[in-house]
Structures are given as C-alpha cells and as structure tokens.
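**Student:** Take the sequences, apply the hints, and build the full model.
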Amino acid sequence: MAARESARAISIEAEQGCLVGRFDAMASPCEILMESGDREQAAYLTRIAADEAWRIEDKFSRYIPGNVVGRINTSNGSTIEVDDETASLLDFAASLYKLSDGRFDITSGVLREVWRFDGGNRIPTQRAVSEILQRVGWSRVAWERPLLALETGMEIDLGGIGKEYAVDRVTGMLCAAAECSAVINFGGDLAVTRPPRQRESWRAGIESLSPTGGSSETVLAIRSGALATSGDSRRFLLNDGVRYSHILDPTSGWPVEGAPRSVTVAADTCTQAGMLSTLSMLQGYNAEAFLDGEGVRYWCRR
Amino acid sequence: MGVEPWERDILAKEEMQLTTDPIEAAIDDHIYFSKEASSGGRGFGGGGCGCN
Amino acid sequence: MADKTPASVSAALAAATCSLLGSMPAAPVQAEEEPDWDFNTALLYYGEDNDRVQDLSLNILARRYYVDDRSLTLGLTVDTLTGATPNGAIRQNVPQTFTRPSGSSAYTVPAGELPLDDTFKDTRAAVRVGWEQPLGRLWKTSVGFSGSREYDYTHLGLNGSLARDFNKRNTTVSAGFAVAHDIWDPVGGAPIPFAPMLDVGDTSNKTGSETKDIIDVVIGVTQVVSRRMLVQLNYSFSNSSGYLTDPYKMLSLVDGTTGDTIPRVAAPGAEGPSHEFRFENRPGDRTKHSLYGQAKYYMAGKVLDASYRYMTDDWKIDSHTVDLRLRWPLGEYSYIEPHFRFYTQSEADFYTISLVDGAELPRFASADYRLGNFDAMTAGLKYGWKTRTGNEMSVRAEIYTQNGTIPGDRLIGNQVGRETYPDLDAVIVQFSYHFSR
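Residue numbers (the numbering used here), protein chains in the order written: chain A, 1 to 302; chain B, 303 to 354; chain C, 355 to 791.
These are calculated hints, taken from the structure and not from any lab test. Some hints could be false.
As a list, the in silico PhoX-like pairs of lysine-lysine whose alpha-carbon atoms are at most 20 Å apart [said to hold, decoys possible]:
no., chain 1, residue 1, chain 2, residue 2
1, B, K315, C, K736
2, C, K656, B, K315
3, C, K656, C, K740
4, B, K315, C, K522
5, C, K740, B, K315
6, C, K656, C, K566
7, C, K522, C, K494
These numbers come from a predicted model, not from an experiment.
**Tutor:** Dropping the structure here:
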C-alpha cells in the first residue's frame, strides 16, 4: 500500500508552449496537456484530474479488494445494493450487452482463467471453455436498479469501460474548471475539453507495437471530441501457426477470429469512442464493415 | 550524459534538429562544393555535378 | 449486430453514454489525420560579380510519411547556369585569343584582363529518391538513389545508411556509404592531358567521354549532452578515381625569364589561339579524410548551431571550416538567423600559375584557382515566419567572398604585380516555402 501511495504523485512540466501534468492511474501513464503558462493553474487542474482518476480506480478496479466491484464479486449469490454511480455504469453495461447481442459482457472476465494471452501457445480444451461459460453471461444476472444479484462463481469487471469513463469525467470537470483548452490522455484514450486557441489543433499519436517490436505511429490532429484505441498486439496466443487475438467472444468462449491488431475511433466522447472500437474488434473480420456502417472516423491496423 | 525520455521537450523542437532546413543544407553543400576544394563532412553532400 | 440498421449502434450508444455521464460535450468531434506529405521548396539566386557565374535554381524536396515511421523522399533540383569562369590562363599585356571548348569558334580576351571563358551555359536537372525505415526498435536504415544530368555531365549514385540508438536514445551511432559513377562528355571531347590548344576545327587534341568513380563512407556519433545540448561527430572518407581533371581548364606556357605567355601563330587561313596554352592534368585518384563536429545549444529560446570541419587529402590540400548560426526568435511566429562561415584551404601540391617553356613537364598541373591557397567568408541573415495556415516561409541573403594569395616566389618576371588571385564576391538570395498536405 505504501508503494501505491508513493506512486500517486503528479508532476508539471513545460513543453512546446504548454504545460503538461503527469501521473499514473489505472495501470497507465496519464497526461493532462494544457494550453496555459500558469503553473499554479496547471497543478490545480492536474490535481483535480488525478484525484478523480484515482477515485475511479479505487472504486471500480477489480484488483482492489473491498471496493464495490469486490463486494459484488464476493457476494456469493446474495443481493447487493449499489450506489448511483455504480448503478449508472451497470445500466450502461446492460445497454451495451443488448446492443452487441451479448458480445460485450462485463461478466466475461472469468474466461481469462483458461485463456492466458502471454504470447504462449496454450489453447484450452473445448471442455474447459464450456465449463467456464457456465459462469458467463449478463443475462444470468438479476439487475434491478439499485439491486444486483450475481450467481456464485460469476464476476463482473468494469475494466472495459473504466478508463474511457474516467477520461470523460475528468474532461467534464476540467471544462468547468478552466477556460483553457486541455487534452486528457489516459494511456492513449483521450479527449479534448474545448478547441485550442493558440494552435489549429492538438496532435495525438496513435501508437501500437507490432509483434516484431517495431513501433508504428499515425499522427492525428484533434480540435474537439475524443479518441480511443482498442487492441494490444503484444497480447496474443500462437498455436499451430494460428494467431489468437486477446479479444474473447463471450457467446462462444473463444477468441474472435480476424480481429484487427488495433482500432482507433474518433467520437464525441471517449466512452463512445472506446465502445465503438471494442465492438468493432468483436466483429473480427467485419470490424471495418461495422465501423463503415456506423459512419464513424476510425484508423484500423491489421 | 543524456536525458530521460520525458525531458526531450527542447530537443524535440524543430530548431534543435541537426539539420533544420534540409534544402538549405543541400544548396549550401552544392555551392561550396563547386567553389572550394572540400565537400561533405555533415553527410555526403554536394557532388554529382561537372562544376568541380 | 449485423441485422441492425446502419448507425443504429452509434445512436443507441450515444443515448446510453448521455445517461451515464449526465451530459454531453458541446462541440462534436473534429479529428483528422495529419498530412502525409511534407514539401520543402526553395528558389535560389546565386550571382558572382564581374559577370561571372549566375545560377538560378529551383529546389523541391517532398517527403511522404507512412505508418511505422517509414518515409519516402523525392528531391528535384533544376539549375540554370550562365556567365563566365576563369579558364586558367594568366593575364597578358596584349589581347589573347582562345579556341572555344567546342572547337568551332574562338573568343578574345582584352589586354590586361583575366581570361574568362564565357561559354559557360548549362541547365542541370538532379533527382534523388530515398527510403527510410526503422528495423526493430533501435535500428534505422535508409537507401537512396541520386542522378543528375547536364549538357556534358551525368551522375548516377547509390547510398545507404544504418543507425542504432543506445543509452535511452541519447546516443546514436551511424554509418553510411555512397557510391557514384559520373560521366564527363565535354563539349568537343575531353582534352588529352597537357595537349596544346589547337586552331578552330582541329580536334586532334581531344578524345571522347571520360568517367570517374566516387566512394564515400561516413561514420558518426550523435550524443544528447543535456536537455539543451546536442552534439554530433563524423568521420568521412572519400575516394575519387578516374578523370578528375577539369576539361575546360588550361595553363599558360610561359617564357622562363619574362613570365609572358609564348605567342603562337595560327595556321594560314585558320583562326586559333594567340598564345601557347596547355590543357590541365590532375592525378587520377584522390582520397579525402574529414572530421566534422556540430553542436546545437538552446539558450532561452535562442538556438546556437556551431560546426567545424577539418579536411585533408592526398593532393596535400588541408582545409578548416567554421560555421555559426544563431536562431533568434521574434515573438512566437518568426525569427531571424544571422549566419557566419569561415573557410580556409591550402593549395594542392600540383597547383601552379603557369608552365615554363622548355622545362620538364611536371607529372600533374592545374591553375584552377579552387585548388589554390585562399580564405572564404560568408555572412548572411535569414528571416523566417509562420503563415496563418501553419506553413513556413523564409528569405535569406548572404554574401560570399574568396580572397586568395599567390606566394611571390611562384611568379616569374612580368607576372609579378600583374597576376593576382581572382578574388570572388558573390551574393546568395533564397526564398523558401515549407508546407504540408
């Protein structure tokens, strides 16, 4: 715990006529880029951002015992009453489950007990997959706001929503707290509070690492709205020459076939961008067709 | 000697690149190649011309 | 999802997001890919005084960026050269007539004037293509091709380089090579070394085309010293072999006592040189070594760029070059940059003023002033600014002067006082425009 607390520090630096606040949260490097020369204001805004990011991490991370997610996952079938914010996130997850015909499922995390995406070659048996699927499925969850009952052995994981949600929360707070334009960038998922004034647009590099180790970067110019990226090309399984992506389809328990290496989507909010990129990954070979159909701007890397 | 990756703000500036203006560097290399007995140094620069 | 109507997911997602966040941002998303193409263009005027060389040059350097830090570079240069250039002969107290390099006519230089060949007119087009890409996380490589064509000269070259980063990318070690094969196809043919200049129409002193091969190797280290300072150190090796002579340059054949050029009479009815001139002859091999150091230093917005080069070669030429630039910002969108350069070289061991009649011919000889002993200075100012659309423009004006000396003991008889190093004054004016698409 002491190590965690000491890691919770912020720093402010001047870069290219801007001030940048940095801290670590949700296992990602976080950056607040502000079109401002006022260090005091920058520190104040970064402090707001970091406190909110850490609050969300503490409350919803499945790695921190005793928080609301921990309480739900250790409820052993009993009914839990959740607070408003948790309820809103669960409502959102329920909508996404419906929208994706069951492919986006916050109960699918237990599949990782049999699928380990560490670049190795261990493929689970169909029997093991079928067994674990008994513990997966939002449709088995009794959710009647604000009451939730989870079957024994099931777990929820809000990790697929948390970071984007945090970016949007912080964006709203900083938009209200300051007149200057700021970019909220949590490990590559980012949003802009308002269009910048001293420059045409902010520049955002979308980077991913290819399996060979080479880095790739496309630079995007963003004036307003948000960007989110799904996919991590270092997480995969190789078996008999078949590359299994880390995107699991909870309806089958198997990795999605033909998922792109990464998908970056631009949308009004980071939450929308993140969900669209995740949903497109779940479409596998049809990722681009899906995004084209939705009429959104995206950058897909295969 | 050296800096950490997050201390590259100044070094990343365009005016801190070794060759700020590639065309001007090529033009200068070419002019001096054709008027003096030395060439190159920075790179290969300047040749490919009957002027010297 | 496949059965849902287009964009229905987006609409439902927007509604769900709105109830999650409680509000939506006022401004809709505006995100675009950065431009893929980067263009550097420049228009250059280079002009020497006394109607010597004038060059108007158009330069375009386009760079296309691809994912994975790969890029393609395309360069095009078109030069138009006019004006006169010293032909190597010395001044005389009488007019001198020379056969033009083409061998089809002659030109006469008034008494007491430095002989200049005014046939210097050429258009040169040069292209280059390069490809650069990383190899893994720490290596970077590039390959390139260059070619140029002018009326009497063709250049073909290949180059490549490899660089590796060390020490958190604070140190970069690089090695590069370039090979070139150049072809001289001089007007009227390449003269036979030391052959006399002949009457108009007589081409028995000329052969066809000649070639030269050049190999260059550069090994360098770039080091980040601090947040504000960066240094580079390069060693270069260059070897040229083949026809390194200038086919348009000659030497005057002089009397060993008076120093005056030996008069010559053209064949009856023919037009030809008024004096004895011999075409120059340089060694067929030249090896150069240079050390180049550069430092960039940032001081409160201003950037100092300082470099020094030492070169030495087996023609016994040594040179030192110091180049200083200071980029001084004027507000946020413009800057001025004073530039100063100093250059000094010693002469080649076969550099001479004239050849003495009756004496044994040296193995090699050239009276090309560029192989002599001289200092040069460049002083200039550049002003650059950013346009409202984010493009960059700059203008620069510089003066370039060469001041040479001929040691007194090299001059014979009447040459003393008459023959001086042909000092040069030139202006450089350049307009540059940088934009992206």
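**Student:** Against each hint, give a clear statement of whether it holds in the structure.
**Tutor:** Right, here's what the structure says about each hint:
The straight-line distance between the Cα atoms of K315 of chain B and K736 of chain C is roughly 19 Å, inside the 20 Å bound, and the hint therefore holds. At most 20 Å may separate the alpha-carbon atoms for a hinted pair to count; K656 of chain C and K315 of chain B meet this at roughly 12 Å. Of the supplied pair hints, the one linking K656 of chain C and K740 of chain C holds, its CA atoms being roughly 17 Å apart against a limit of 20 Å. Using a Cα cut-off of 20 Å, the hinted pair K315 of chain B and K522 of chain C holds, with the two alpha carbons roughly 18 Å apart.
Simply put, K740 of chain C and K315 of chain B have alpha-carbon atoms about 15 Å apart, close enough for the 20 Å limit, and the pair holds. At most 20 Å may separate the alpha-carbon atoms for a hinted pair to count; K656 of chain C and K566 of chain C exceed this at roughly 44 Å. Restraint check for K522 of chain C and K494 of chain C: satisfied, since their Cα atoms lie roughly 15 Å apart, inside the 20 Å limit.
When held up to the earlier numbered hints, the structure conflicts with hint 6 and nothing else.
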